[in-house]
Amino acid sequence: MTRYIRHAAAFCALLLIALLVNATRVQVVQSDALDDNPANRRGAIVRFDQPRGDIVVDDRPVTGSKDTGEQLRYERTYKNGPLYAPVTGFASQVYGTTFLENAEDDILSGTDPMLAPLPLWNDITRAQNPGGKVVTTIKSAVQQAAYAGLGGKKGAVAAIEPSTGKILALVSTPSYDPERLSGTSKSVADSWAELNGSAAKPMLNRAIRQTYPPGSTFKVVTAAAALDAGVVTDLDAATKSPNPYTLPGTSTQLTNEVDGCTNASLRYAFEWSCNTAFAKLGVDTGLSDMAGTARNFGFNDSGLRIPSSVAASNFDTSMDKAQLALSAIGQYDTRATPLQMAMVAAAVANGGSVKSPYLVDRTTTRDGDVVDTTGTKTLRQAMNPATAMQLREMMTDVVEEGTGTNAAIPGATVGGKTGTAQHGIDNSGTPYAWFVSWAQAADSGEPAVAVAVVVEDAAADRGDISGGGSAAPIAKAVMEAALKH
Amino acid sequence: MSGTRAGTASTVVPAVRVPRRRGTELALLVVAVLLSVYGYCDVGLAKNGTVPPGAAGYGAGLGVLALLAHLAVRFRAPYADPLLLPIAVLLNGLGLVLIYRLDLETPHDEAAPTQLIWSTIGVGLFIAVVLVLRDHRVLQRYAYLSVVTALVLMIVPIFFPAVNGARIWIRIGGFSIQPGEFAKILLAVFFASYLAANRNALAYTGRTVWRFKRLQLPTGRVLGPIVAIWLLSVGVLVLERDLGTSLLFFGLFVILLYVATGRTGWIAVGLLLAALGAFAVGSLEPHVHSRVTDWLHPFASIDAGQGPNQLAQSLFSFAAGGMLGTGLGAGHSILIGFAAKSDFILATAGEELGLAGLCAIFLLYALLVERGYRAGLALRDSFGRLLAIGLASIVALQVFVIAGGVMGLIPLTGMAMPFLAQGGSSVVTNWIIVALLIRVSDSARGQPLGKEAR
Numbered sequence: 001m002t003r004y005i006r007h008a009a010a011f012c013a014l015l016l017i018a019l020l021v022n023a024t025r026v027q028v029v030q031s032d033a034l035d036d037n038p039a040n041r042r043g044a045i046v047r048f049d050q051p052r053g054d055i056v057v058d059d060r061p062v063t064g065s066k067d068t069g070e071q072l073r074y075e076r077t078y079k080n081g082p083l084y085a086p087v088t089g090f091a092s093q094v095y096g097t098t099f100l101e102n103a104e105d106d107i108l109s110g111t112d113p114m115l116a117p118l119p120l121w122n123d124i125t126r127a128q129n130p131g132g133k134v135v136t137t138i139k140s141a142v143q144q145a146a147y148a149g150l151g152g153k154k155g156a157v158a159a160i161e162p163s164t165g166k167i168l169a170l171v172s173t174p175s176y177d178p179e180r181l182s183g184t185s186k187s188v189a190d191s192w193a194e195l196n197g198s199a200a201k202p203m204l205n206r207a208i209r210q211t212y213p214p215g216s217t218f219k220v221v222t223a224a225a226a227l228d229a230g231v232v233t234d235l236d237a238a239t240k241s242p243n244p245y246t247l248p249g250t251s252t253q254l255t256n257e258v259d260g261c262t263n264a265s266l267r268y269a270f271e272w273s274c275n276t277a278f279a280k281l282g283v284d285t286g287l288s289d290m291a292g293t294a295r296n297f298g299f300n301d302s303g304l305r306i307p308s309s310v311a312a313s314n315f316d317t318s319m320d321k322a323q324l325a326l327s328a329i330g331q332y333d334t335r336a337t338p339l340q341m342a343m344v345a346a347a348v349a350n351g352g353s354v355k356s357p358y359l360v361d362r363t364t365t366r367d368g369d370v371v372d373t374t375g376t377k378t379l380r381q382a383m384n385p386a387t388a389m390q391l392r393e394m395m396t397d398v399v400e401e402g403t404g405t406n407a408a409i410p411g412a413t414v415g416g417k418t419g420t421a422q423h424g425i426d427n428s429g430t431p432y433a434w435f436v437s438w439a440q441a442a443d444s445g446e447p448a449v450a451v452a453v454v455v456e457d458a459a460a461d462r463g464d465i466s467g468g469g470s471a472a473p474i475a476k477a478v479m480e481a482a483l484k485h
Numbered sequence: 001m002s003g004t005r006a007g008t009a010s011t012v013v014p015a016v017r018v019p020r021r022r023g024t025e026l027a028l029l030v031v032a033v034l035l036s037v038y039g040y041c042d043v044g045l046a047k048n049g050t051v052p053p054g055a056a057g058y059g060a061g062l063g064v065l066a067l068l069a070h071l072a073v074r075f076r077a078p079y080a081d082p083l084l085l086p087i088a089v090l091l092n093g094l095g096l097v098l099i100y101r102l103d104l105e106t107p108h109d110e111a112a113p114t115q116l117i118w119s120t121i122g123v124g125l126f127i128a129v130v131l132v133l134r135d136h137r138v139l140q141r142y143a144y145l146s147v148v149t150a151l152v153l154m155i156v157p158i159f160f161p162a163v164n165g166a167r168i169w170i171r172i173g174g175f176s177i178q179p180g181e182f183a184k185i186l187l188a189v190f191f192a193s194y195l196a197a198n199r200n201a202l203a204y205t206g207r208t209v210w211r212f213k214r215l216q217l218p219t220g221r222v223l224g225p226i227v228a229i230w231l232l233s234v235g236v237l238v239l240e241r242d243l244g245t246s247l248l249f250f251g252l253f254v255i256l257l258y259v260a261t262g263r264t265g266w267i268a269v270g271l272l273l274a275a276l277g278a279f280a281v282g283s284l285e286p287h288v289h290s291r292v293t294d295w296l297h298p299f300a301s302i303d304a305g306q307g308p309n310q311l312a313q314s315l316f317s318f319a320a321g322g323m324l325g326t327g328l329g330a331g332h333s334i335l336i337g338f339a340a341k342s343d344f345i346l347a348t349a350g351e352e353l354g355l356a357g358l359c360a361i362f363l364l365y366a367l368l369v370e371r372g373y374r375a376g377l378a379l380r381d382s383f384g385r386l387l388a389i390g391l392a393s394i395v396a397l398q399v400f401v402i403a404g405g406v407m408g409l410i411p412l413t414g415m416a417m418p419f420l421a422q423g424g425s426s427v428v429t430n431w432i433i434v435a436l437l438i439r440v441s442d443s444a445r446g447q448p449l450g451k452e453a454r
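Taken in sequence, the protein lines are chains A and B.
Per full-length UniProt numbering, residue 1 is the first one in the first sequence, and the count goes up by one each step.
Per full-length UniProt numbering, residue 1 is the first one in the second sequence, and the count goes up by one each step.
Please note: incorrect hints may appear among the correct ones.
[What the hints assert, rightly or not] Listed next, the stretches of chain B that the computed footprint assigns to chain A, with coverage defined by at least 3 CB atoms under 8 Å from CB atoms of chain A:
| # | segment |
| --- | --- |
| 1 | 92 to 101 |
| 2 | 253 to 259 |
| 3 | 407 to 413 |
[Unchecked claim] FRET-style restraints, in silico, Cβ to Cβ:
| # | chain 1 | residue 1 | chain 2 | residue 2 | range |
| --- | --- | --- | --- | --- | --- |
| 4 | B | A304 | A | P113 | 21 to 27 Å |
| 5 | B | P161 | A | H7 | 17 to 23 Å |
| 6 | A | D367 | B | L367 | 47 to 53 Å |
| 7 | B | L296 | A | D49 | 30 to 36 Å |
| 8 | B | H297 | A | T24 | 20 to 26 Å |
| 9 | A | D367 | B | V163 | 51 to 57 Å |
| 10 | A | D32 | B | L284 | 35 to 41 Å |
| 11 | B | A304 | A | G151 | 15 to 21 Å |
| 12 | A | P38 | B | K47 | 51 to 57 Å |
| 13 | A | P117 | B | A304 | 43 to 49 Å |
| 14 | A | D58 | B | L45 | 39 to 45 Å |
| 15 | B | A275 | A | D49 | 43 to 49 Å |
| 16 | A | A127 | B | G23 | 39 to 45 Å |
| 17 | A | T252 | B | F299 | 23 to 29 Å |
Since the hints were made in silico from the structure, they are not lab data.
Using N, Cα and C, we set each Cβ at its ideal position, and we do this for glycine too.
Starting from the given sequences, assemble the full structure and let the hints guide the process.
This is the structure:
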């Protein structure tokens with residue numbers, strides 16, 4: 001019997017070995033995959049087990065945390081939620097995160113290893129660091145001026161500091177309060193359904209995630225391309241542009257909203273926004289130079305992060321001449337985000353150099369020790385500095401005596417460009433009113449701010465919609481706030 | 001020390017005896033109690049930042065139970081294996097810690113106080129068995145009474161309503177017991193007794209089916225009870241939806257049959273019958289079928305958008321523990337849901353103590369089983385040998401079936417992790433098993449060397 005008892009004992013040992021091997025399989029080999037399973041709530045529990053770090057505007061947090069004592073314990077609160085929603089995004093127990101809440105999640109949630117007091121410390125202790133702070137470049141006065149300026153209208157504002165790329169304001173209206181998406185209650189699901197179902201799309205970040213036909217504001221890019229390519233050498237020389245202008249290869253005739261565009265000088269055409277002159281200028285400059293300049297301004301760049309990702313602005317790289325003519329005046333397939341158009345204005349104000357726009361000045365630990373800083377980086381040189389000087393001049397003219405007089409600010413140099421973009425089938429949609437501009441205080445060596453404003457106001461009378469009428473006053477208010485600061 | 005034995009030994013052979021090692025047992029018991037109290041304090045510190053108010057009482061209670069059990073062993077089973085009692089105390093203490101830890105997540109449903117009462121009853125019965133049962137061979141006389149009682153205990157729950165899909169409970173008022181647990185011991189006694197009596201008939205008579213393979217089937221008269229047992233185990237499974245108990249009884253029977261007869265053919269026949277039974281029930285019985293489906297596709301409910309099922313949650317728990325665990329009190333195994341304190345208690349151990357802790361627990365069980373086998377090897381009466389092997393195998397099979405189930409190795413069956421899991425019947429049964437192992441190990445180690453057993 002002894003022999004068989006030993007066999008039975010060996011069988012029991014086999015069972016034990018099977019258990020040990022299986023435990024190793026689950027706990028070591030498969031553990032990462034199981035930990036990452038989206039249905040595993042442990043990540044969420046740990047994540048919400050401590051208050052989230054704050055997002056800071058002008059030294060004051062615009063976010064907060066509320067202890068609910070529930071399984072997903074700390075819920076996000078927002079101060080002035082609708083005002084800062086395009087900056088912060090939301091941090092929801094159920095629906096994840098967006099914008100800065102998403103891009104800086106590692107810092108805010110405390111999982112960034114850089115928050116640890118010592119290297120590898122967390123790996124040993126398994127402790128979680130308190131959430132760090134994200135200090136933004138936003139100036140609350142500028143942000144508020146933009147938000148108030150848009151009022152109840154649908155639209156967006158992007159404002160940047162031309163010399164650094166710091167984003168001073170990022171506003172999208174209509175907005176929403178991200179706090180409505182914090183927590184796990186039924187009201188959160190209701191809010192989510194309502195916000196997503198709303199025709200006004202309040203959660204759409206129009207400043208960086210929506211592209212619009214830029215209309216005449218794109219003439220800044222066309223002018224820069226023409227000047228850099230040497231197609232125009234004298235701003236005041238008459239161009240050989242007919243009125244109306246027949247699009248090459250078609251019988252379609254392009255007209256103007258203003259008089260005096262026949263053979264107008266570039267200065268006049270820019271100041272009064274002559275479509276005919278710019279369409280022809282685009283064709284004369286050629287597709288490759290036009291596309292090259294557009295790219296240098298930042299068009300067709302799908303990789304831009306501020307650190308939230310920015311929708312790529314589009315300038316087609318293969319078109320016939322008629323399409324190129326329309327693209328040169330910001331129509332056809334040309335589309336730009338408000339941030340992109342602010343970058344265009346900033347490039348002009350900053351001697352042609354496009355700085356990488358950024359929203360996060362620095363990240364810190366909860367106690368304020370700096371973890372990381374975002375410095376100024378040059379993205380590209382959009383045009384020759386001399387060209388930039390010429391464009392400054394022309395943009396200043398627009399505000400002093402052209403279509404943009406509504407943006408003039410006493411005691412400051414202001415340059416701008418209006419735009420009214422057609423869209424929809426056969427241009428049936430209500431046009432978008434654009435205004436891009438920059439401002440420099442008289443006593444300052446550097447421009448203080450570059451702004452792009454777009455208003456998509458379906459309620460306004462079609463005749464009233466123009467960059468100069470609807471958008472310029474908003475831009476003016478934003479620039480004034482930035483100059484005062 | 002038994003006076004008569006000592007007297008016999010001194011007159012017949014020189015008094016060469018195995019050391020009693022009662023001091024070792026006491027020292028190990030102190031370690032076991034201290035480890036449990038440490039775990040209890042650790043849970044409190046992790047969850048609330050303070051030592052739990054009941055720590056002293058818990059430690060004292062466990063200590064007194066351990067001491068009483070030790071005294072019973074010291075006076076009535078002085079040669080017993082010194083590892084058995086400390087392992088049982090440590091596992092039971094650790095189980096109480098884990099249940100207390102899970103109670104903190106479910107403040108309105110506390111299980112630890114009840115479990116402590118059942119543990120006390122279990123230790124009480126342990127002491128009673130050690131004191132009353134002076135010689136394990138007495139049990140041989142009650143073989144048929146045992147099997148009848150076992151059958152009654154197994155059949156009674158059929159007349160009670162199912163709980164969570166299985167008809168294995170008797171509920172009277174707020175009091176519930178699982179009679180199948182006690183049936184384990186009674187069946188082990190019956191098997192050991194029947195096989196000890198019939199092993200020659202089983203091993204050496206009957207028709208040879210395949211002469212060249214030496215597969216020899218016994219006569220129908222001896223074969224009858226075996227088939228009956230198999231049918232019984234399948235019957236229990238179908239009627240009570242209790243795959244675990246059926247598997248346990250069947251495995252126990254095949255192991256004992258093999259040990260008694262040494263016939264590999266029995267294992268082949270056993271595996272064949274088990275496979276047939278399991279396949280039939282696994283594909284026909286919906287409750288068991290769903291368990292098999294869950295085992296094959298633990299994440300199917302997630303893919304279907306219904307969230308993780310218990311097995312998936314259990315796997316998440318083990319994975320979260322990793323190598324070293326999150327630490328007691330710092331895991332989230334409560335996500336498993338209603339059976340977290342009973343069938344899935346091992347997941348809490350796996351998450352909070354990690355692979356390291358789990359290996360330690362498995363090795364404690366392995367040591368318990370090994371000590372049972374060791375007693376079986378040392379004994380000289382067939383009944384005692386088979387009883388020791390049977391009891392040890394019950395522990396081994398049960399640990400394998402439930403641990404393999406909650407970790408996705410085999411289909412999940414509702415069973416209690418010996419000593420660890422919440423469950424009064426289970427903890428009482430396991431204390432009785434340990435008491436019987438103490439008794440047989442005392443006989444094994446206490447018998448004079450060089451002298452044949454009677």
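Check the structure against each numbered hint from earlier and tell me which ones fail, lowest number first.
Going through the list in order, the structure violates hints 1, 4, 5, 11, 12 and 17 and respects the others.
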